[in-house]
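Number of protein chains: 4
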Amino acid sequence: MAVVKEIVPFDQDKIYEKHRDLVHLDKWVEHYRSYAMEGRCAAYIPALAMANPSQLGIAMAGPDGVVLKSGECEASFTLQSISKVIGFIAACLDFGTPYVLDRVDVEPTGDAFNSIIRLEVHKPGRPFNPMINAGALTVASLLGGRAPLTKIESFLTLIEKMVGKRPSINEEVFQSEWRTAHRNRALAYYLKETGFLECTVEEALEVYLKQCSIEVNTQDVAMIGLILAYDGFHPIRKEQIFPKEVAKLTKALMVTCGMYNASGKFAAFIGLPAKSGVSGGIMAAVPAHAGSKKSPFPDGCGIGIYSPAIDEYGNSVAGSMLLKHIAREWDLNIF
Amino acid sequence: MAVVKEIVPFDQDKIYEKHRDLVHLDKWVEHYRSYAMEGRCAAYIPALAMANPSQLGIAMAGPDGVVLKSGECEASFTLQSISKVIGFIAACLDFGTPYVLDRVDVEPTGDAFNSIIRLEVHKPGRPFNPMINAGALTVASLLGGRAPLTKIESFLTLIEKMVGKRPSINEEVFQSEWRTAHRNRALAYYLKETGFLECTVEEALEVYLKQCSIEVNTQDVAMIGLILAYDGFHPIRKEQIFPKEVAKLTKALMVTCGMYNASGKFAAFIGLPAKSGVSGGIMAAVPAHAGSKKSPFPDGCGIGIYSPAIDEYGNSVAGSMLLKHIAREWDLNIF
Amino acid sequence: MAVVKEIVPFDQDKIYEKHRDLVHLDKWVEHYRSYAMEGRCAAYIPALAMANPSQLGIAMAGPDGVVLKSGECEASFTLQSISKVIGFIAACLDFGTPYVLDRVDVEPTGDAFNSIIRLEVHKPGRPFNPMINAGALTVASLLGGRAPLTKIESFLTLIEKMVGKRPSINEEVFQSEWRTAHRNRALAYYLKETGFLECTVEEALEVYLKQCSIEVNTQDVAMIGLILAYDGFHPIRKEQIFPKEVAKLTKALMVTCGMYNASGKFAAFIGLPAKSGVSGGIMAAVPAHAGSKKSPFPDGCGIGIYSPAIDEYGNSVAGSMLLKHIAREWDLNIF
Amino acid sequence: MAVVKEIVPFDQDKIYEKHRDLVHLDKWVEHYRSYAMEGRCAAYIPALAMANPSQLGIAMAGPDGVVLKSGECEASFTLQSISKVIGFIAACLDFGTPYVLDRVDVEPTGDAFNSIIRLEVHKPGRPFNPMINAGALTVASLLGGRAPLTKIESFLTLIEKMVGKRPSINEEVFQSEWRTAHRNRALAYYLKETGFLECTVEEALEVYLKQCSIEVNTQDVAMIGLILAYDGFHPIRKEQIFPKEVAKLTKALMVTCGMYNASGKFAAFIGLPAKSGVSGGIMAAVPAHAGSKKSPFPDGCGIGIYSPAIDEYGNSVAGSMLLKHIAREWDLNIF
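Those protein sequence lines, which keep their order, are chains U, C, S and L. Going by my numbering, the letters in the first sequence line up with residues 16 to 350, in that order. Going by my numbering, the letters in the second sequence line up with residues 16 to 350, in that order. Going by my numbering, the letters in the third sequence line up with residues 16 to 350, in that order. Going by my numbering, the letters in the fourth sequence line up with residues 16 to 350, in that order.
FYI, nobody ran anything at the bench for these hints, they're computed from the structure. There's no promise every hint is true.
As the list makes no split between identical chains, a pair holds if one copy fits it or if it spans any two.
Stated by the list, open to error - Below are the DSSO-like pairs computed for lysine-lysine, each with C-alpha atoms no more than 27 angstroms apart in a straight line:
#, residue 1, residue 2
1, K259, K176
2, K308, K339
3, K309, K42
4, K253, K309
5, K253, K308
6, K259, K308
Based on the sequences and whatever the hints tell you, model everything.
Right, dumping it as structure tokens:
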């Protein structure tokens with residue numbers, strides 16, 4: 016199953032060099048796959064509940080175009096909360112960081128991703144950060160263009176620039192989420208009342224749930240992680256996709272708030288900017304300076320992981336364990 | 016006022032090399048000093064209220080022993096919450112990280128440093144992290160040895176190893192805090208009830224308030240920051256003071272929870288592990304990989320800042336602005 | 016302006032008897048009218064903001080059909096939260112008290128009427144009581160018949176039985192509330208998610224906002240208060256409108272939760288079951304045993320008050336003061 | 016076991032009259048005793064944990080001096096939270112109601128009796144009401160005289176005036192509470208910081224825990240309830256012990272906040288001013304106007320109940336059920 020695939024012109028030597036690393040990766044994937052049983056597929060979105068919980072796949076993309084893959088790395092899954100990272104970047108591109116930060120703060124909360132309490136306690140304050148649902152809805156409402164279709168378009172365009180192909184929206188997942196989005200509607204109406212929604216509730220919700228329903232695989236996610244690692248620069252296409260300042264800020268947000276209310280534990284025990292989604296995806300960015308010679312990617316890399324069984328916080332169980340193991344074994348850590 | 020001082024044997028060249036940087040630093044210090052007026056000295060501890068709010072000093076300590084200083088860098092101040100970092104490290108040294116983490120979590124909260132709410136809402140959970148008062152009191156109660164004197168001794172010994180001299184406790188500040196520590200006593204009794212205090216309330220409080228009252232200057236703080244930057248290794252004395260794992264974990268905690276409930280903004284806009292105290296001190300660590308050639312310390316450094324006028328969160332106003340300016344100008348950022 | 020009006024066949028003597036009391040009432044109304052300036056008309060519902068804040072009117076209805084009136088007693092106003100009492104009674108009539116109480120608790124909260132926090136903290140618990148918006152929305156969703164029109168019909172029918180005429184819905188107020196009901200929609204979607212809404216959000220909201228928009232005057236409200244005072248029995252028409260148990264329970268709810276988060280102060284300083292609305296209406300019930308010989312209604316009465324300028328809690332300023340004065344002077348108190 | 020005992024000169028006829036009622040009472044006590052198994056004796060105060068959970072006793076004291084008793088009515092128990100009622104009255108007697116209400120509000124909370132959250136959320140507000148621990152500690156700190164001994168003396172004197180004998184303090188219970196009062200100390204230190212404690216923490220705590228440790232039996236409690244029912248007037252000794260206004264206010268507080276966070280359910284389903292303690296005691300007041308001809312006390316009465324097994328809220332399980340049954344059967348209800 017494990018493969019090394021190049022995006023740039025083929026170079027046989029690189030594959031041999033990576034062979035040893037692949038052997039490790041395959042072994043680790045097989046080992047941690049068994050821990051998936053300790054989690055459960057997200058039940059509140061019916062379409063997600065049907066995923067095969069024993070899947071575990073990973074892709075690691077280096078700046079030279081080499082991609083290391085193992086396990087169910089080709090499986091399709093929806094971005095879910097990983098899309099919050101992209102939405103935040105898109106909004107900063109559209110309106111500039113100060114405009115966005117006037118409407119959403121950047122403080123971690125310790126609360127669950129769908130918590131509404133702080134909106135009332137700190138009323139009429141901004142949502143605490145763009146990585147919780149309240150903040151992500153505010154960000155979705157900002158996106159350029161008035162109509163949901165235009166907003167989601169700017170979303171798809173940004174992803175296309177990063178992963179090299181236009182992603183599609185999983186209509187089944189979107190419909191499933193749309194019908195059961197009571198809590199998100201509650202959050203959106205609350206934000207509407209306090210003035211932190213710049214379009215209608217239904218429009219914000221359509222954008223947010225469509226961005227959550229964008230279909231990717233681990234390599235797509237790894238590519239986005241790689242560009243974040245390189246401060247917005249696409250190291251293969253040699254193109255600055257978004258400004259360095261936005262990238263630094265986004266990675267800081269991923270560290271402080273990216274892994275739901277287990278973000279502190281991720282920072283402490285893994286030490287990489289990462290963002291998870293309830294579909295079981297994890298995106299991580301290993302900046303060049305945090306790469307190590309022990310690893311197959313001494314100049315940093317992006318990491319995409321998928322394993323749909325999630326824990327009480329909403330993070331992939333086997334995915335988190337695999338990422339922790341890799342970070343420790345290969346000495347990847349920004350701190 | 017600005018001086019370059021060496022700790023290791025004198026080397027005239029280094030001073031000349033740094034001259035240009037010093038000119039910058041002096042200019043910045045003078046510029047940001049005026050912003051101190053926007054803050055106020057901590058009023059709830061009478062002895063702190065008497066500080067001169069217009070003071071601003073900085074020391075930056077490099078791995079080669081060079082220390083760059085500017086402003087009121089020699090002023091004495093008490094560690095206050097910066098001591099929480101040292102207490103956490105001391106407890107990990109005494110009992111091992113797993114033992115400590117069984118008693119205190121590592122999640123940011125978004126709440127004020129002296130908040131008690133979460134102890135009840137998440138009862139009977141651990142305090143959320145060791146950088147808020149509740150968690151720091153639990154950590155103080157763990158420290159080796161039964162008697163407060165023994166506990167505080169292990170504290171002083173650790174600092175001595177790092178800064179090269181035994182610090183003293185400011186008795187006046189300690190007495191002032193002791194008499195007005197009603198909120199901390201409330202926290203400590205709450206922790207006692209929920210089983211997260213391993214000594215008496217009065218003992219834990221004595222240790223905690225004494226550690227807060229340890230007197231330092233900016234160079235001392237910069238040295239501790241430097242050792243954190245070097246993962247527990249003292250680059251001048253060539254000695255591992257505490258394990259790399261503890262250092263990584265501590266820096267992660269500083270990023271997610273170190274600057275009170277403005278930690279998210281610090282991570283987003285400064286991007287360095289840092290810890291502040293209500294006396295107006297800030298300690299920051301610039302790991303070797305986060306140093307930049309633009310800066311006088313391409314191999315990383317430790318930073319100690321002092322300016323006693325603090326903002327609504329408890330962070331030094333001028334100190335935070337100076338640190339942000341330095342990080343931006345010299346491109347220091349872990350993300 | 017002050018009049019004594021009979022509902023039952025005219026009896027000249029009664030009017031004379033009451034003359035002394037009317038003189039008092041007129042004086043008190045004039046006195047407390049000036050305090051209305053300390054409040055403001057509810058601003059969040061545009062149609063309410065246009066009311067004349069200096070109005071103050073009262074009607075007191077006795078079991079013998081005598082009604083004592085003073086001030087702007089004929090002014091029309093919408094029920095707003097007073098309708099929560101009627102909704103609760105209607106639901107108990109439709110489904111029985113146990114069914115209703117399985118879906119809404121009867122505990123006071125100390126929180127604002129539109130608070131959402133407790134729904135999350137005590138999730139997945141019932142709304143705390145039917146006198147806060149969350150509970151009232153749950154109750155509205157229970158009402159008999161599937162369609163909003165049927166639900167609101169059972170509402171209008173119950174009021175008609177009590178006041179002797181079919182009330183109308185103020186369409187302008189309803190439309191105004193419907194367009195600005197973001198917070199109530201947030202509450203309703205939250206309830207939908209936790210399973211405490213037995214119809215769609217839009218249906219529940221239509222019923223709730225229409226019941227809030229029912230137009231009444233002080234005499235109508237006094238009649239409903241009188242029937243509550245008489246444990247569900249209409250003392251003039253000699254008909255049991257709803258069971259005694261429901262009436263007792265409802266009056267208990269009015270005492271513990273009826274006056275928003277000033278209910279405790281109302282119980283303490285006035286001592287009568289009462290319910291207010293943000294339109295400035297107050298309904299109070301004086302049970303026969305709580306009537307006193309000092310008062311014109313020794314056998315109890317119902318009280319309807321209207322004065323649209325409300326305080327920070329949502330209660331009519333002048334109305335509350337007038338009620339307190341009456342209760343004290345005429346020794347009306349259930350405790 | 017059941018007896019009828021007079022306090023005033025003996026009158027054989029009265030006993031015969033009550034015989035039928037006693038037969039009922041005995042039957043009900045035996046019936047509800049079995050439900051005590053669903054509760055548990057308070058475990059957090061070691062001395063209370065040793066009580067016999069199957070005990071259930073009741074005394075009902077009428078204005079004519081007749082006392083109806085059944086079950087373990089002679090058992091001694093400590094007042095615990097019932098003392099909060101007496102402390103509030105004593106403080107109002109010492110300083111006047113306005114002074115006391117400036118320092119403690121009268122709003123129900125829906126929170127547990129020992130909750131600390133609201134002190135922070137509504138900081139720097141008064142404790143929400145004198146029936147929760149925070150408010151009771153504030154009240155204890157107000158009591159006349161500086162020293163704890165003087166404060167507790169004014170407490171004992173007030174009880175002596177009501178029950179006709181000087182009660183004693185159970186030193187074993189007091190010592191047991193004193194040693195384990197961590198949560199109460201946390202509350203007291205919090206109040207000290209916010210300025211709502213008018214003596215030292217240790218003094219307030221000594222007074223509060225001693226008032227909790229006052230030993231009574233059901234007849235004592237029934238007598239206090241009777242005097243509350245009679246608005247502060249001792250109907251047997253024909254003496255006004257405290258003003259009517261204080262009595263009305265206290266009964267309102269008992270209804271809205273007296274039964275911990277089940278107060279709403281008590282008001283709704285029982286409908287009598289009542290106050291419970293974690294020792295398993297309940298005091299209820301049936302005002303003259305709420306007495307009924309169905310009951311042995313048509314002119315009202317006081318009720319004292321004891322059954323030490325308590326529920327999750329802190330209320331006696333069997334005691335609450337017995338009180339509810341009595342109120343329903345004998346039609347006692349203030350609403």
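Hint check:
Proximity of K259 and K176 under a CA criterion of 27 angstroms is satisfied intra-copy only: 16 angstroms inside one chain copy versus 39 angstroms between copies. For a Cα distance limit of 27 angstroms, the shortest separation of K308 from K339 inside one copy, 18 angstroms, qualifies, whereas the shortest one across copies, 31 angstroms, does not. With identical chains, the CA atoms of K309 and K42 are at most 27 angstroms apart within one copy only, with a shortest distance of 17 angstroms there and 42 angstroms across copies. In this homomeric assembly, K253 and K309 come within 27 angstroms of each other (Cα to Cα) both inside a single copy, at 26 angstroms, and across copies, at 23 angstroms.
For the identical chains of this complex, K253 and K308 are neighbours both inside a copy (24 angstroms) and across copies (23 angstroms), given an alpha-carbon limit of 27 angstroms. Within a single copy, K259 and K308 get their C-alpha atoms as close as 25 angstroms, and across copies as close as 17 angstroms, so both meet the 27 angstroms cut-off.
Checked against the numbered hints given earlier, this structure breaks none of them.
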